[in-house]
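Visitor: What follows is each chain in one-letter form.
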Amino acid sequence: GENVEQHPSTLSVQEGDSAVIKCTYSDSASNYFPWYKQELGKRPQLIIDIRSNVGEKKDQRIAVTLNKTAKHFSLHITETQPEDSAVYFCAASEGYGNKLVFGAGTILRVKS
Amino acid sequence: NAGVMQNPRHLVRRRGQEARLRCSPMKGHSHVYWYRQLPEEGLKFMVYLQKENIIDESGMPKERFSAEFPKEGPSILRIQQVVRGDSAAYFCASSMTGASEGYTFGSGTRLTVV
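Chains A and B, in that order, are what the protein sequence lines are. Be aware that the first sequence starts at 7, since it is given in the working numbering, and climbs by one per residue. Be aware that the second sequence starts at 5, since it is given in the working numbering, and climbs by one per residue.
These are computed hints drawn from the structure, not numbers from a lab. Cβ coordinates follow ideal geometry from the N, Cα and C atoms, glycine included. Don't take every hint at face value.
Residues on chain B that point at chain A, a partial pick, calculated with CB under 8 Å [as the list claims (entries may be wrong)]: (1) Phe69; (2) Phe95; (3) Gly106.
Produce the entire structure from the sequences given, and follow the hints as far as they go.
Guide: Encoded structure:
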């Protein structure tokens with residue numbers, strides 16, 4: 007089955023700096039890679055996703071890149087703000103799309 | 005659209021009791037997924053169901069845990085004879101056509117076993 011690893015486990019940045027979170031996956035047939043943000047005590051919410059037929063996708067301050075050859079994908083947040091502080095999870099679909107497998111999460115702290 | 009509805013939000017059970025967690029998917033969604041999240045940990049897959057069928061239960065413990073998604077009504081995750089280690093947040097998610105279209109999560113049920 008799919009295995010997703012996520013780094014770093016915690017990340018502290020100064021307000022206005024950029025934050026990068028990286029994930030690797032094992033199943034070469036995976037074709038869908040979403041990112042979720044979870045604030046304390048709340049539900050995970052989808053913030054951006056990318057499919058295997060594109061290498062990069064951007065939505066305002068958030069971007070995701072995908073390298074299918076190396077089987078890794080990354081989340082980039084620019085101009086970070088205190089409200090970006092949360093836990094971020096990457097995920098990858100199993101090859102046949104049965105379910106999403108999640109990384110262990112990254113605690114992002116944006117210091118003002 | 006009310007989104008994915010889970011109830012109860014909080015559930016306290018004594019060791020040995022049964023816990024029933026309910027999940028109503030978004031309107032039009034026929035795929036339901038259950039995940040467990042331990043404190044300060046990630047989301048661990050438990051089971052994937054479509055109406056009246058269990059598609060993948062590879063993440064669910066073989067004993068004490070069961071899930072269903074009947075033709076009418078919500079999906080139910082049932083934990084029999086709960087133990088302290090079952091204390092966690094249980095999230096349900098739904099999708100319209102499958103995992104490759106993304107999930108919408110419910111607010112979760114926080115189970116505490118005392």
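Visitor: Once the shortest beta carbon distance from B:Gly106 to chain A is found, is it less than 8 Å?
Guide: holds (5 Å)
Visitor: Hint check: is the beta carbon of B:Phe95 less than 8 Å from a beta carbon of chain A?
Guide: holds (7 Å)
Visitor: Given a cut of 8 Å on the nearest C-beta pair, is the interface hint for B:Phe69 held or broken against chain A?
Guide: violated (16 Å)
Of the hints listed earlier, the one the structure fails to meet is number 1.
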